[in-house]
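Bring the two chains, given one by one in their own frames, into a single complex with the hints.
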Amino acid sequence: MASLNVNGKSHQVDVEPDTPLLYVLRDNLGLHGPKFGCGLAQCGSCTVLIDGKAVRSCVHPLSKVGPGKVVTLEGLGTPQKPSPVQQAFIDEQAAQCGYCINGMVMQATAFLAGRKNSPSDPEIRQALQNNLCRCGTHQRIIAAVKRAATLMGKGA
Amino acid sequence: MATLETTRRDFLLGTGALVVTFSLAPRDALAQAATPKPVALDQVDSFLALHRDGTVTMYTGKVDLGTGIRIALPQMVAEELDVAIEKVKLVEGDTALTPDQGPTWGSLSVQVAGVQLRQAAATARKALIELAVQKTGMPSVDFAVKDGVVFLRAEPHRRFTYVELLGDRRFELKVDKDAPVKNPKDHTLVGQPLPRPDVPGKVTGTHTYMQDFKVPGMVHARVVRPPAVGATLESVDEGSIKAIKGARVVRQGSFLAVVADSEWGAVKAARALKATWSKWDGLPESSKLWEHVRSSKVAKDDVAVDRGDPKAAIAGAARKLKATYDFAVHTHGSMGPSCAVADVKNGKAEIWSPSQAPHWLLKEVAAALQMEPKDVHIQYLDGAGCYGRNGHEDATCDAALISKLIGKPVRVQWMREDEHGWDPKGPPTLVEISAGLDAKGDIVGWDAELWVPKADITEWPRTLAVTLAGLPQKDAINPGNIHRNLDPSYPFAHQKAVAHRLETTPFRPSWIRTPGRMQNTYANEVFIDECAAAAGADPVEYRLRYLTDPRGVAVLRAAAAMAKWDARPSPRRETSGPIARGRGIAYVKYENVRTYCAGVAEVEVNRQTGAIRCTRFYVAHDCGQIINPDGVRAQIEGQIIQTTSRTLKEELKWNRSRVTSVDWASYPILKFPDVPEVHMELINRPGDPPWGVGEPAACLPPPAISNAVFDAIGVRLRSVPFTAPKVMAAARAATKA
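Here the protein sequences come in this chain order: A and B. To convert a position in the first sequence, counted from 1, into this note's numbering, add 3. To convert a position in the second sequence, counted from 1, into this note's numbering, add 1377.
Please keep in mind that the hints were generated in silico from the structure rather than gathered at the bench. Take every hint as true, because none was put in to throw you off.
For lysine-lysine, the following DSS-like pairs were computed, each having C-alpha atoms within a straight-line distance of at most 30 Å: (1) K56/A to K2048/B; (2) K119/A to K2048/B; (3) K149/A to K1941/B; (4) K1551/B to K1562/B; (5) K1697/B to K2113/B.
So that you can see chain B by itself, here it is in the shape it has in the complex (with noise of 0.2 Å):
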C-alpha cells in the first residue's frame, strides 16, 4: 500500500508543497534554532535571507490562491535584490516564519505586501553596497549589482558575492523606506510575463494541496451540521454507527462530528448517524428578502460622500430619476470543499489550513481553543480557490477543536453540502439612487442609500465551531469593508451617498470577491445609464461629460475603441428577430483611489424566453506598473468570467430553516458553453506604484451587462442574478408602463 504519508520534519525539508530554509546547510540551521527568525514588519531580516549558496528565502505572510504572487512577489523580490529569479525561494503563510502583512484579501498582495518586499529588497541592497564600501573604502556611487554580485564599475574584477559580504550573518537592519529602489527603464523581470513554477504541478498531479496532505496517526473527520441554522443538538444516536469499523462520535454542545480511520468510513458514519435537533425556523421569507433588508434596524450610518446641497438639486431639477437596484447573497462556491488538519496535544496547536489569513486564523483557533497564541502554529498549503473567507477558516477551527476533544491528529474535510450550506455568504445588497437632470439632461444632484450589514472591521466573523460548541467568542459581525464605492467615480457637484449599516444579515456574512465595490458600482453605473437614456446620450459621451480624472478617461475610451463602440443612445430598437443584440459599458476607479478600468459588454438575449448570453467582453485596465502582466490577463479574465457567472445565474436559495441550495444542480454556475471571450488592453504604468489586480475588474460585468440587455430590449434589469424569468417579468413591466 503506497500511501502518501508526510510527516512535519519531512515538510519542512520540502517535500510538501513549499520549501524552506531548515533545509540549507547544518550551519545555517543552527544558527536558525539559536535564536528565532524575525517577523517584524519593519525588519530585514523578516522578508529576506541570503544563503552560502547565493539562493535567498523570501518570506511573505500572503498566500497564493491560485492568483499568481507566487510569481510576482519573487520578480519584485530578485528585481530589486539583483539576483536570478531561480535563486529565490518563496515560504508563504507559515504564521512562525513569516511577517504578518494582513489577510490576502482586498487586492493588495502586490500593492502592499509585494511593495513591502521590495523595499526590504532595496534595503538589503544598500547594505551589501555598504559592505563592499566598508572592504574597499571605495565610494558607494562606483558600485554596481547583477547577479548577486557588488562589483566597481570601472574595475569589475573587482567584485564580492553577498555571500562574501554577508557571510553566515543576517541583515539585522531596520527597513529603510529611503532606499533607493531601481529605476523602472532598468527592470528586466518586473513587467515580464514569467510562468507561475506551480502550474505543471498542478496540470500532473504532484502539487500538494491541502486536501492531499496527511500527518501520521491522523483520523478522517466529518462534520455533521444541524438541519436548521439555529437548531441546537438533543440527542445522538452514538449506536447508529457502531457497524462502521473505527467510526465514533465527538461532540462537544451542538458541534457533532465522526471520526473514523479511513475517509470513506466517515462519510458513511456522517450519513449514517441518528441525532435529534430542536425545530427552528428564524430565517426571513426568501419572497420577502428586501422588505426584511429595509426594516433591519440600523446600527450606524456612514457617509461616503456628502458633497453640496443634492436634496435641493434634485427638488428643483427639470427631471428627476430615482431606481433601486438588488444584489443577492452569494456564496464563495469553492470547486473543493474545505479541509484542513490539526493536531492539537501537550498544549500546543499544530495546524495546516488553506486559509487566506493564517496570521488571523492563529488568534481566532487560539481564542477558540482558550491557548496562547504562542502555543498555536499554523501552515499554509493551497486549497481550492476560496475568492474571500470561504470554509476553510471554519473547517480549520473544526478540525482543532475536534483533535483537542480526541487527542488525535485530524482531518476535516467538509462535503459539497457544508460547503454550499455552510460558508459565510455575501450579503444581501440594497442601492437606491435619485437624481436630477437639467434641461439639457445633465446630472446636477445625486443621492445614493445602500443597506447592508454593519462591519466590526477588525474582528473575524465568528466560526460556526464556536458558535455550535458553545466556545468563548466576541459578537461581531464582519461582511468586510462594502461601503466602499458608493460615492460615484463622477465629481458631481452636488452628491450624497449614505450605507446604512445593519444590525443583522440573515445569513452569517463574509467577504466575497469585490465585497461591496461589485455591488454599488452595479447600481452607480447602471443608474448613470439610466440617466444617459433619459438624456437620449451616447452612454460613453455622457460618462465623459464628468469624467475629469485623465486615467479614467484613457480607460473608458480604450474600452469603447477595442469593442468598437457603436456610438449612440440606448436602446437600439431594433425589434427583428428571435435574438436581440446589445452592448453596454461600465468604468469604476477602485475604491476611488486606485486601479481604473472600463469594460463593454456584447449579450444576445432571447426575446421569447429571456435567457441571456453574454458573448464577448472588453476591458481596459491601468494597475500602474505591471509586475506580471500575463498574470494580471489571467485575473481579469476570471473576474469577469466568474462575476458574469454570479450575475447571470447565482443566488442562494433557503426556506424558514436552512440553505437549500447545496450544490451545483440548485446552485448552478456558468458552464463552458457560455462562458463570454474575454479581450483586454493593458495600460502600463511603469513609473508608477504597483496597484491591486485581484479584484476591480469583477466590477464591471454585472452593470455593463445590464446596460447591454438595456441597449438590446429596452428593459432595465436592476436584480441580480439576471435569470430569464427576471428578464421576462422585467419586459412586462415594461411594456405594461
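Next up, chain A with everything else stripped away, as it sits in the complex (with noise of 0.2 Å):
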C-alpha cells in the first residue's frame, strides 16, 4: 500500500509502486481530468501540479510522489464554483473537443500563481509552448489565459 495527498485528500493505493500516478488517479481514484495522450511527456494532457509545480504525470511513477501534494484540474474547482482558469476558459469558450484542456488549465494555474502582473501574448505562448493542441484551439486559450490573470487581479 502506498499513501498519497490528493486535493487535499489522503488515500491509499494498492499498485505496483513503478505505476505512472497518471493511472493512480485515473484509474484508483477516479479522477478523469487528467489525460493519457502520449505517455511520452510530449503532449502536456496529463498534466497535474505537484506542490505547485507543473508535473506530466504519464512518466511520474507513484513512488516519486511521496509527501507532495497533489491537485488535479477537479482540485481546481467544479462546474458550480469554479477556479479562476477555469472561469475564464469557459468565458472564451477555450476548448473544442477538450481533451488537451486539462493541461492548459493546469499549466496556465501553474504559470499564473508565479507571477505578480499580467503575462503578455509571447509570455503566454512561451509558457505553453509544450502544450499540444490539435483541434486549433490555441487562439482561445492565449485569450482564456490572460482573462484569467485579470480576474486573479494581476497587475498589468
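In C-alpha cells, the structure reads:
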C-alpha cells in the first residue's frame, strides 16, 4: 500500500510502485481530469500540480510522489464553482474536443501563480509551448489565460 | 478506493455524458418499452420526443466531435419548436435511439442533419397548432406559438401547452417537407452565440470522455501490432508476461493483444511480450514516393470538369505554364489515442465508441463478428478530436474482437505509437496543372490531372482487427471524395480536370479534414497565383478577372480589405534584412456548390534558414445562414491553425517496413509560439440555407502560405509541408533557373 495526498485528501492505494501517477489518479481514484495523451511527457494532457509545480503525470511514478501534495483539475474547482483559470476558459469557450484542456488549465494555473503581473501574449505562448493542441484552440487559450490573470487581479 | 464505475443502467439514467429519455416519468418509460422508438428518417418521432414536464428530447445520428453541434443543433430545434433552449435535451449517436443521418463528416451536420431536425420540428409545430384547431374550432392562422404554448393571438388566455395538446402520445407523423419554417426575421435563438453546454465539464474534469468510461468486470487491453505493416505472427511466448499479475495473451491469426486487470499491467505486458513475426518490406522508398504514385495502376478516371478544348487553347497560347504540386501523407494526430469499450456475450454486442460514424460502425462490427446488425448496439462517447476517420473505429473493432474471444467486457486504449503508426492516413496526393496565357496574360485554357487512390465510397475502410485476425472483409479502400474541388472555382471557357483513381496506395487510406478539397485547392490556388505572377498582375485583381459569382467576389474583397491588401504583383522584390515578409491570398467555393471563403496569409521567411512563420491569417467566410457565430468562429480558427500546422510541419515518415513517425517528436505539429493570429469576417445571410463550416476554411492555408512565401522571397513552394530545408532547396533551384 502506498499513500498519497490528492486534492487535500489522503488516499491509500494498492498498486505496483512503478505505476505512473496518471493511472493511479484515473483508475484508482476516479479523477478523470488528467488525460492519457502520449505517455512520453510530450503533449501535456496528463499535467497535474505537485506542490504547485506542473508535472507530467504519465511519466511520474507513484514512488516519486512521496509526501508531495497533488492537485488535479478537479481540485481547482467545479462547474458550479470554477477556479479563475477555469472560469476564464469557460468565458472564452476555449475548448473544442477538450482533450488537451486539462494540461492547458493546469500549466496556466502554475504559470499564473508564479507571477505578480498580467502576462503578455508572447509570455503566454512561451509558457504553454510544450502543451500541444490539435483542434487549433490556441488563440482562445491565450485569451483565456489573459482573462484569468485579470480575474485574479494581476497588475498590468 | 473510489473507482468511478458506471453501469449501463446508470449510464442510461444520465450519470454519463448523455441524458436519455428513459430517466423521465415511469409512464413514458413504459410507453417507450412497449413500442420501440422509431428511427426512420421520415418520421417526426425519430427526431423528437415531447415530455410531460415540458422538456423535449431531440435525437441525432451525428455526434459532436468538439465542433459545437451540441449547441447548434438544439438551437435549430428549439427555435423551430418554440421552446426554451434549456428545455431541450440532446441524444447523439446511440444506434438504438437515433436516426442514421450519416457519419459526422464532410461539413454536413448543420447543413443536412440540422435541416432534417429543423423540418421535423416545423412539422411538429404545425401538428400542435392543428391539435389546437381541433380543440377550439378556430382557424390555424389565428394561433401563435411561444415557449411551448399554443395560444389565440386575439385571446392569449386561451392557451394550450404542448402537453395539453399531445398528452403522452407520439406524433406518429411523417416529416412534412412543406411544413412552414420560421421567417429568419423572427429568429431569437438561431444566429446567437450561445455557449456550448460541454465546456464547463471539460475544463473541470467532470465531462465523461470515452477514455473515462468503465463497466463492471471490465479488463484492460493493449494491442500488440506487427513490427512491419504486412508481417504475420509466427509465434508468441506467453511465458514472457507471466510475472505480470493477471496478464494474458489474446490472439487470433496475426491479431495480438494482452489483457490485464490493471491498466498499467496491460501496458507492461504489451511491452514485455515476446513474439516473432515474418519479415515484410513492401512499402515504397519514401524518397521515391511520387514516382511510386505516378506509376501506380489506374483503376479509372473521374472527370471533374470538361469544357471547351483546353488542349488546343493551351497549344495556341502565347505563353504556357505547367507545375506539379505534391502533398505529403498525414496522420490525424488525435491528442488522445483511440479508445473503446465492448461487451460481447450471449450473441449480443454492447459497445461504447467515440466513432464519428456509430451507425456505420455498427455494420462494420456486425460484419467482423459475423453477427446480425440488430444484435449490436453502439453508444457514442466523446473521444479526442478525430478530424475524420482516425483510429476510433479500429480500436472499437479491437475491443469487440477481444471481448468476444475472452467473454468479458474489455477496454482497449491505444498507445501513442498505435495512433501515430496505425491510424489510417490521408493519402499522398499529386496534382499537375497546365495553362495557356494570351498576350495580355489572361488564362485561355486550364488542364489539370490528379493522382489519388480510388474510393469505394459506400464502403468502410477495413479495420486492423479484421485484416490481422483474417475476419471476413470486402476488398475496398475509401479515402473519401478526394476529387472534389479539382475543378477550379473559376469558370474558364476551356478547362478540364481529371482524377486518376489509383488501384493502390502505400498506406491504408481514410479521410482527414477537408480530404482532397484541401490538396486540390492548394494546387489550383497556387497555380493561378503563378499565372498572375507570369502576367505581372496583382493576385487579387487577377482572380477577379475570372470570378463572376457575386458571393465569391464578396469574400475575396472582404479578405483583401481586412488584410489591408497591398495591391501589386508578387514578388515584393525587397531583398534587405534577414527576415522577408510577404502576403498571399487564396479563395475557394467549397466543392463548388456551397460555403465561400477567402483567406490572406502574412508570413515571415528567414532568408538564412528557410524557416517560415505564418504570423497572421485573415478569413472572410460566407456559409449562408449562421446558426451560432461563436461556433463558426471556433471552427474557422481551428481549421486555420490546424492546417497551418499541416502545411508547414507535417509529414509521415516511414522505412520499407513501417511508419517511423510514431510520436510528437518524429511527427511535430505547430506549437504555441508559432501559431498565427486568426482574424475573420463572417458574412451572415439569414435568408439562405445554412451550409457547412467544419472544413471549407481548411482549404486556405496551404495555397495562401505558399503564395505569401513567393511574395516574400520569389520562390514557389510546390511540396507540402514547407519545411525549412525544402524552402532552401527551392530557393537554390530558383536561383539556378
